Amino acid sequence: MAYTEKVMDHFANPRNVGEIPDASGIGEVGNSKCGDIMKMYIKVEGNVIVDCKFKTFGCGAAIATSSMATELIKGKTIDEALKLTNKAVMEALDGLPPVKVHCSVLAEQAIKAALADYYTRQGIDPEPIVGKIQECDHDHGCGCSDF
Amino acid sequence: MRKIYADNAATTSLHPLVLEKMMPYLTTVYGNPSSLYAIGAEAKEAVESSREKIAKLIGANSPNEIYFTSGGSEADNWAIKGVCRALKKKGKNHIITSKFEHHAVLHTCKALEKEGFEVTYLDVYENGIVKVEDVKNAIKDTTALVTIMYANNEIGTIQPIKEIGMVCREKGVVFHTDAVQAVTQVPINVEEECIDLLSLTAHKFHGPKGCGALYCRRGIRPEILIDGGAQERTRRAGTENVAGIVGLAEALELAISNMEERNSRLTKMRDRLIDGLLKIERSRINGDRVSRLPGNINMCFEGIEGESLLLKLDFAGISASSGSACTSGDLDPSHVLLSIGLPHEIAHGSMRLSFSDDNTEEDVDYILEQVPVIVDYLRMMSPLWEKIKEEERNN
Ligand SMILES: Cc1ncc(COP(=O)(O)O)c(C=O)c1O
Ligand code: FES
Ligand SMILES: [Zn+2]
Ligand SMILES: [Zn+2]
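Those protein sequence lines, which keep their order, are chains A and B. Just so you know, the first sequence maps onto residues 4 to 150 in the numbering used here. Just so you know, the second sequence maps onto residues 797 to 1191 in the numbering used here.
Don't read these hints as lab results, they were simulated from the structure. Do not rely on the hints blindly, as some may be mistaken.
Among chain B residues calculated to face chain A with C-beta under 7 Å, some are [unchecked claim]: (1) Thr916; (2) Ser1104; (3) Leu1107; (4) Asp1110; (5) Leu1138; (6) Glu1141; (7) His1144; (8) Asp1161; (9) Ser1178; (10) Pro1179; (11) Ile1184.
Some chain A residues judged to face chain B by a derived CB distance under 8 Å, without partners named [what the hints assert, rightly or not]: (12) Ala15; (13) Glu31; (14) Lys36; (15) Phe60.
Quantities reported herein were computed from a predicted structural model and do not represent experimental measurements. Built from N, CA and C at the ideal position, the CB exists for glycine as well.
Working from the sequences, and respecting the hints, build out all of it.
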């Protein structure tokens, strides 16, 4: 399994690592059982995401996709951020190995979860705008229960 | 930058003396061992003298009990499928193995389940060691085979093979052991340890890849797995990997000749490294500390994930692994770590280092310098670590 140069770059030098103390929204997705948790912080001013930071527990692809996702929405409007897809994250990284596609899904979901939290804090029901946040897209088929 | 290869359980470097012994069979002596003319006969002679050497080195009664294979996986497949299919005709349809075997054994057992075999997967407990009592209790009239690995490839725990062998002998059950990780790291004598079949592979002890052997005690007749020509006294077809076989015998002899000295050196390095790494908070060593291969270190660091740890180690020049090589690419933590009772989230943060003759005390120093820094860095960006610390504060 080989990662692209871009993935390795974002893993080796992740952009926007950390927390935002006065964040406008915080989203967390994933599950420690599966080995990936992403936590996204956004700071919104007016209609613009002026800052975005992340913390991730996970594989190289999980860290790289989190990093890339923050880059893709930083400085963008909320509407633009809502349109961010896992495909866009993957393309920006020049692709991911098939078994790691779920990491890009997690990154997309983490951004959506942060936006949902932002709306909730405004007293707005996020679901019609952001959609449902999927907790997990892959089957936990480790087979450990088979033995 | 320092380069440290610390993944010798995955594979080892080829010893220069082994390569030297192999060279003639890769160049001038290219004859087919089955041919009658001189370079064929010369190749044949090399194969047979290797067989003799190997038989002596593992305490077999006769060279005729050694069969060459393409490696450990084939030896495991042949031993298990061969014995079980042969004994099924005598009404035996039960296999006993452990939960943490290599996939070459586990997947073979799974395949036999589809053929109607019942498989008992024995517990390996928190220390990663099968209980002889459990083997004894699991044996029944229909048991065709007991297959328990000699030493585990991920956590390095050494199993009570002689005791298991004696139980099987007493009960009249055939006993196979996958000794791929143990050969040259543990003194092995198939006669004294009541082993009926044993798998080994050259690339784990500085021999070439793609060449292994199955020891099969006289009188035990596994069904043939590879049909074809009459090689290996008609039991295993295929033109012999002459250079590989010569390399296997040479590597085995070399590695056994300095085993004692190497084991005491590696054990010291291993224990110093484990003690040093255990100073990292919320770290743990996986598997028994004493009944353990001399070069194996397997640890978990809570709050971080294994692959990112490996990538960081690689940036620092250290080649390590997280579970066995064939597991990488999987999304789930290793079945070995789950089998010793680790929760998923902790099993995800594992690291295996495995040493050989090529490693030094300086390697240990360097690893002890690098790992804590990397673990700290990954924890700094881990929301799971944040949670763990929060829980600590609340308790
Ligand atoms: C315990 C064990 N069994 C079997 C194998 C398979 O051996 P080979 O790679 O020679 O097929 C390995 C090595 O990967 C192993 O560690
Ligand atoms: S989040 Fe549950 S399987 Fe991935
Ligand atoms: Zn992942
Ligand atoms: Zn599982």
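Okay, the hints, checked on the actual structure:
1. Because the smallest distance between the Cβ of B:Thr916 and any Cβ of chain A comes to about 11 Å, over 7 Å, the interface hint for this residue is violated.
2. The beta carbon of B:Ser1104 comes within 5 Å of a beta carbon in chain A, closer than 7 Å, and the hint placing it at the interface holds.
3. At about 5 Å, the closest approach between the beta carbon of B:Leu1107 and any beta carbon in chain A falls short of 7 Å, and the interface hint on this residue holds.
4. A hinted interface residue such as B:Asp1110 counts as satisfied when its beta carbon comes closer than 7 Å to some beta carbon of chain A; here the least separation is about 10 Å, so the hint is violated.
5. Taken as an interface hint, B:Leu1138 does not check out: its beta carbon lies about 10 Å from the nearest beta carbon of chain A, beyond 7 Å.
6. The beta carbon of B:Glu1141 is positioned within 7 Å of a beta carbon in chain A (closest approach about 4 Å), and the interface hint is therefore held.
7. Taken as an interface hint, B:His1144 checks out: its beta carbon lies about 4 Å from the nearest beta carbon of chain A, inside 7 Å.
8. Taken as an interface hint, B:Asp1161 does not check out: its beta carbon lies about 24 Å from the nearest beta carbon of chain A, beyond 7 Å.
9. Hint on B:Ser1178 holds. Least Cβ distance to chain A is approximately 4 Å, under the 7 Å limit.
10. For B:Pro1179, the interface hint holds, the least distance from its beta-carbon to any beta-carbon of chain A being 4 Å, beneath 7 Å.
11. A distance limit of 7 Å between C-beta atoms decides the matter here; for B:Ile1184 the minimum to chain A is near 10 Å, and the interface restraint is violated.
12. A cut of 8 Å between beta carbons decides the hint on A:Ala15: the least distance to chain B is about 7 Å, and the hint holds.
13. With a cut of 8 Å, the hint placing A:Glu31 at the interface with chain B holds, because the nearest CB-to-CB distance is about 6 Å.
14. This hint holds: A:Lys36 has a C-beta 4 Å from the nearest C-beta of chain B, less than the 8 Å allowed.
15. With 8 Å as the threshold, the beta carbon of A:Phe60 comes within range of chain B, its nearest partner Cβ sitting at about 4 Å, so the hint holds.
The earlier numbered hints that this structure contradicts are 1, 4, 5, 8 and 11.
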